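Here the structure of chain W is known, so what remains is to put chains H, X and G in place on it, guided by the hints.
Note that the protein sequences, when read in sequence, are chains W, H, X and G.
Using full-length UniProt numbering, the first residue of the first sequence is number 1, and each one after it goes up by one.
Using full-length UniProt numbering, the first residue of the second sequence is number 1, and each one after it goes up by one.
Using full-length UniProt numbering, the first residue of the third sequence is number 1, and each one after it goes up by one.
Using full-length UniProt numbering, the first residue of the fourth sequence is number 1, and each one after it goes up by one.
To be clear, the hints were calculated from the coordinates, so they are not data collected in a lab.
It should be emphasised that the depicted structure is a prediction, and the values quoted were computed from it without experimental measurement.
Glycine is no exception: its CB is placed at the ideal position from the N, C-alpha and C atoms.
Take these hints with a grain of salt, some might be off.
[To be verified] Now the in silico label distances, taken between C-beta atoms and shown as ranges:
(1) H:ASP85 - W:GLU7: 47 to 53 Å
(2) G:THR234 - W:LEU356: 36 to 42 Å
(3) H:ALA370 - X:CYS115: 27 to 33 Å
(4) H:GLN133 - X:GLY373: 36 to 42 Å
(5) X:VAL112 - G:PRO301: 45 to 51 Å
[To be verified] If you want the footprint, here are the derived chain G segments under chain X, 3+ residues with CB under 8 Å:
(6) 1 to 14
(7) 52 to 60
(8) 373 to 387
Residue strings, one per chain:
There are 4 protein chains.
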Amino acid sequence: MFDPTNEVKVMRDPIHGYIHVDLQVVWDCINAREFQRLRRIQQLGGSFQVYHTAEHSRFSHSIGVYEIIRRMVNEIDGIKNILSDYEKATVMLAGLLHDVGHGPFSHAFEAVSTCKHEEFTCRIIEENTEIHQILIQADPSLPEDIAKIIRHRHPNELLNQMVSGQLDADRMDYLLRDAYFTGTSYGNFDLERILRTIRVVDNKMVVKESGIHTVEDYIMARYHMYWQVYYHPTARSYESILELLFRRMKDLWKSNRKLLDEVVMFHAFLKDTPADVEEHYRLDEAAAFYGFSLLEKSQDPILKDLSSRLLNRHLFAYCTLENEADAQRIKQRLTADGYDIRYYFLSDIASQRPYLPYQGDGGQAIWVLAQDGRIVELSEISLIVKALCESRLQEDHKAFYPDFSD
Amino acid sequence: MFDPTNEVKVMRDPIHGYIHVDLQVVWDCINAREFQRLRRIQQLGGSFQVYHTAEHSRFSHSIGVYEIIRRMVNEIDGIKNILSDYEKATVMLAGLLHDVGHGPFSHAFEAVSTCKHEEFTCRIIEENTEIHQILIQADPSLPEDIAKIIRHRHPNELLNQMVSGQLDADRMDYLLRDAYFTGTSYGNFDLERILRTIRVVDNKMVVKESGIHTVEDYIMARYHMYWQVYYHPTARSYESILELLFRRMKDLWKSNRKLLDEVVMFHAFLKDTPADVEEHYRLDEAAAFYGFSLLEKSQDPILKDLSSRLLNRHLFAYCTLENEADAQRIKQRLTADGYDIRYYFLSDIASQRPYLPYQGDGGQAIWVLAQDGRIVELSEISLIVKALCESRLQEDHKAFYPDFSD
Amino acid sequence: MFDPTNEVKVMRDPIHGYIHVDLQVVWDCINAREFQRLRRIQQLGGSFQVYHTAEHSRFSHSIGVYEIIRRMVNEIDGIKNILSDYEKATVMLAGLLHDVGHGPFSHAFEAVSTCKHEEFTCRIIEENTEIHQILIQADPSLPEDIAKIIRHRHPNELLNQMVSGQLDADRMDYLLRDAYFTGTSYGNFDLERILRTIRVVDNKMVVKESGIHTVEDYIMARYHMYWQVYYHPTARSYESILELLFRRMKDLWKSNRKLLDEVVMFHAFLKDTPADVEEHYRLDEAAAFYGFSLLEKSQDPILKDLSSRLLNRHLFAYCTLENEADAQRIKQRLTADGYDIRYYFLSDIASQRPYLPYQGDGGQAIWVLAQDGRIVELSEISLIVKALCESRLQEDHKAFYPDFSD
Amino acid sequence: MFDPTNEVKVMRDPIHGYIHVDLQVVWDCINAREFQRLRRIQQLGGSFQVYHTAEHSRFSHSIGVYEIIRRMVNEIDGIKNILSDYEKATVMLAGLLHDVGHGPFSHAFEAVSTCKHEEFTCRIIEENTEIHQILIQADPSLPEDIAKIIRHRHPNELLNQMVSGQLDADRMDYLLRDAYFTGTSYGNFDLERILRTIRVVDNKMVVKESGIHTVEDYIMARYHMYWQVYYHPTARSYESILELLFRRMKDLWKSNRKLLDEVVMFHAFLKDTPADVEEHYRLDEAAAFYGFSLLEKSQDPILKDLSSRLLNRHLFAYCTLENEADAQRIKQRLTADGYDIRYYFLSDIASQRPYLPYQGDGGQAIWVLAQDGRIVELSEISLIVKALCESRLQEDHKAFYPDFSD
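Looking at chain W on its own, in the form it has when it is part of the complex (with noise of 0.2 Å):
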């Protein structure tokens, strides 16, 4: 139904081998221009200032999600039998295509934007731009349809579920990239067995019960992955600078617009109304740093201090707070010393919990095929995820703030 390409396309790739395309319309997607902007977006925030090597960008990952959708749909008599070849592509297009919404550094940016990147996602594929021209040439229907999985409301929960899960191909790929790209050790877990063992029970993605250890093993390759990479305080300090450069711009933009000249690609994201989809295309990481540096030589010398902080690594020092008490006082310290700190303070609590057994929202449980044939969540049946669970929530409050001997 949809075009093959005259040869099956194929790009190397550290973590799948190859890359394999057979659609055109897959092929066209790749090629399109605001999909070849994720090339200038990193796929990780502040980490690449703790695990230098971790440059990479959402470009690699997107067709990395894309591959391990080609494989689920290729692979998993469960699913290749049940689904049509329309559902097939359109699952593989929301899986290449849901992060092409993103801004520059992940969810700093996110903070202080009105936008969500989700939402930019749906617009891309929906507004007039490149990738929906190409979208509707195919099929008419795809952009739609695409956009109900990146929005999780696709009715054919399955399809929601290969893309964003909780063993998703999403994350799946960004735990192996992310371990290979940082190299560190962590992120690593079983693909190929995971791909084995899973098979399709009333329209839901299950695992096999003799696949549980690979999949506990994934658990811990998350859990180990958000504390040792994710919520580094180094990547978190990183971005609290970001987060309070854009809450600085913000607040300019308000009382003294014009210190905001010289800095065009960010104004867009600093007027009320919604950005447009080319204003975001414009928005890149390439365009952000070279705004920073535009800013290193601001008369206001908070943008000044902290976009220069940002492209030469002076970054805030931190600290575990207890209590509020612990925040007073490094905040009088602050004040003290001429800080203001509005834009020279940040507190942040970082939590995370490996796996929520709730049944509750969606498919995010994971549920398992066990060998007498009852399907369970997995916190049932596995001693290791049912420890997890009963565990407190894990936290890391922290506060981060310019090292009082600067």
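Chains H, X and G alone, transformed into the frame defined by chain W:
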């Protein structure tokens, strides 16, 4: 003599496991702004257009070169016992800083620039920069001595050879690193074993005869990386467009400068007088990409088209040129189609010898310590290398130009 | 004090890169006949019946343990500076020799033998063997001091802990090695980082708090390797047949000894008096397999059948036992089918705790050096480990017996 | 046509990820006693004396060869579409069984045996064995057709080429596997890419020109593995002793047979009439090693000494022979020291050409499908391979003998 760090600093690295820093002057240089800038310069030019994960920076490579030299001065007895602490620090810093003057896009940019990256590297070390301040504070003669190594003119030939020779830390790091980040296996060789078989005889690095198989493997790794990664026609296609875009800018600078008003980041490299180190600092790849995104809206159709091609991967087609008539035919066709061939045609000869046995040019041959104690040039003792040296030069002459069907 | 080797000997090893030997006494022990015998004893019992490449020997593992200890005494400051050269050599030799008394087939053989492998290890070190001669020639007190460590009774608790504790060189090597040779990823953890975070406080190895994620990973690796490799039911099925075959031989030794005339290699382990070290030397896995091939032609149908099953992989079926009635049902069926259940039925409970926090039993807990300087037991500081400790013991009770359809 | 297994069987393998078995006849052959015997035959002869972890068996290698052929018949379009199901099964089985006739210690044993391993392989397939029964039950013509492939005489040349040619499944598996288990990197090449670039033209496997770099890499891998692993002098020293020990046994068989009474496992190979398949089955490496341990107590001092050297790694010294006079000098010295040079001196020439371009001998050249559609022999198109072919044959002539200082 040089201050140690208060504890050994380590940085996780996929190639070397950990990078170890135990001198404060090294640590300070890594954290200097001119060195942090290398995070915004990719290691490879156009290769990421073929190998999408080849997105690693010169920052990573530079600390990798430092690490190999650190191991050489600590683990190879002949080096460890001969060099003074000052010489050890000098050569480690030379390895660390050898690429600090690199501009964006590797050699494509250099092709149109009046100033070579080695020269900028020396200027950053010797002129008034953060790195210069750090160095002279540690020892006033450091900048000059480091620059001598960079220029390959240090009186102690061994130091030059460690940073840049036929078996140097620079090449050893980039082959392994580029192999890892492209996800190919071509560039792999056994670094551990090479380090174990290096000896120093007459102040020259030589390899024990028992290690020549590993050296053969290293030379083949180089050969394959050149043809499969660095000289891949798709990478060269991208670099051709870069070169033609800069050529167009240089011409417009003379004829119609106001078309370039907006792209201030490029001005210093278009004017006749050499750029200064601060202008050089500002021109990283983020600035260049942002510049391209401005040019994408230029009123000059050539700037507009070429910059859009770079951002959105509309690459040039290519074909092998057998003779001048081939080139003429293509140019005629392009002209007929309305293309200005000054900016839409580039012919380029890639050529590479895996190894040069010539002995005159400053230690560029690889020397082997034979079992009988003689020092012989590698191709005299290795059948494989001898065969490679005797084979004619491998050349690839290609033309790059817009696909006629565009 | 101990003679160095005339140059550092190195052995290529997939786990450690190279094994380094720089003491002559270590090199001589490796080349002693009792140590070379370990090449003919596989590291794992029945696991090669599941993971066909798990064919590695205790020889490889033993030099791997030595290498980890060599690194501990050279790279961990707290150990390097505290131990004397004599103690360093002693603990390295203890690591090297800790398994030298192993019989064939790991624990299956031991189950029917009167003599435990630790005991044979000590006898080989202390009685008149090649290894003993080498040791006393180096220092007359070495055998006794090494044996003390093997018996976990050396007065310097640190030495015991390095060879055998909760975070010891033995386990660290076998997890990594067994993972590599089975081709699974379960057993991987970051050895480099663990070695970097070990400190010595009050003559006890502790881990810096910043390293606990790596330790959690190590504990999970252990957990997974136990259930996926060591306790895999197919491996246990093979080991069950081994145990039943030896049981049959023991019984025939009393009732009808001449049926065992040909298999002289087993005699020393069937008679009442303990085997001597020379008899032990002779019973390697080559001898055992050759013995099985002789038994395959035995006139006793049980010896004949069980040995043939081992050689030709006709393994027993297995099922989980919920209660005694399950076992009874199987036994009745077997009896009805004509099987002698003394030799055709084995029930076996595999159980494993990933980690034991008990503090009384000679340093078996893992201790953490918290950021505030306190020394705390791992499960007090790691939510993951705490959760594992509180979960009930994981057990797998299985019966092994001939497939009824055979 | 052939029965499928009731579900796809998979076996974890470090080289191929998983081995997939979906035909019952393949699964049954793997579980046949003659195939299980391969677990007791190591893949490499004496190389484990250099690379201590090279302890992998021909069992693993054989299923690896099967897996590569399985992928060839499923993934290479030109093969997939041409071969019948019967031919596919035949060639997969030929790959699986090609080494089933191997004796212990690879080629050392064969050097003194009257019967070559290929011949035993064919006999096991064609005579009355468990494997033979399995094959004829699946299809009566299978044994003959498989044997034709093993003998390289199948009328469909493509089938012969897949199992044994210049770019065959056998070599591709053993290079990768031996590299993995020795822990060296020499043998690595990009199997995925080779499989992707193979085409079938005129019923002959050829490689697309775009894949020749990978083939060059494969040829270099072969070259390095030969010199660094297979022909390592320490491995050859061990194999020399093996050969001399068998020579001694053969001589004693004629002159003083009762000295060999105990080592019944060797008898069938010492007598004049060829061994039968059952005798061959019994002589695995377990039997051989047990035999050596019996000979270690022999009254013949030569048997006693040589077997002890094998068991306990008292290897021969070696030196390079430049001419006959070198050999004479050594022999005189040995004789003077009381050695019987018939059993204490072996000279051996190792020689290897990385690649033979000869075109006459049954498809032994590698053919390339050039971009212009022509089929050319590899050395005509690859400068590297051409250079290798023109270099003189690399030879290593060595003598092996007891260390004079012993």
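Now for the hints, and whether the structure bears them out:
no.	hint	verdict
1	H:ASP85 - W:GLU7: 47 to 53 Å	violated, 60 Å
2	G:THR234 - W:LEU356: 36 to 42 Å	violated, 57 Å
3	H:ALA370 - X:CYS115: 27 to 33 Å	violated, 54 Å
4	H:GLN133 - X:GLY373: 36 to 42 Å	holds, 37 Å
5	X:VAL112 - G:PRO301: 45 to 51 Å	violated, 38 Å
6	1 to 14	holds (count 4)
7	52 to 60	holds (count 7)
8	373 to 387	violated (count 0)
Hints 1, 2, 3, 5 and 8 from the list above are not met by this structure, while the remaining hints are.
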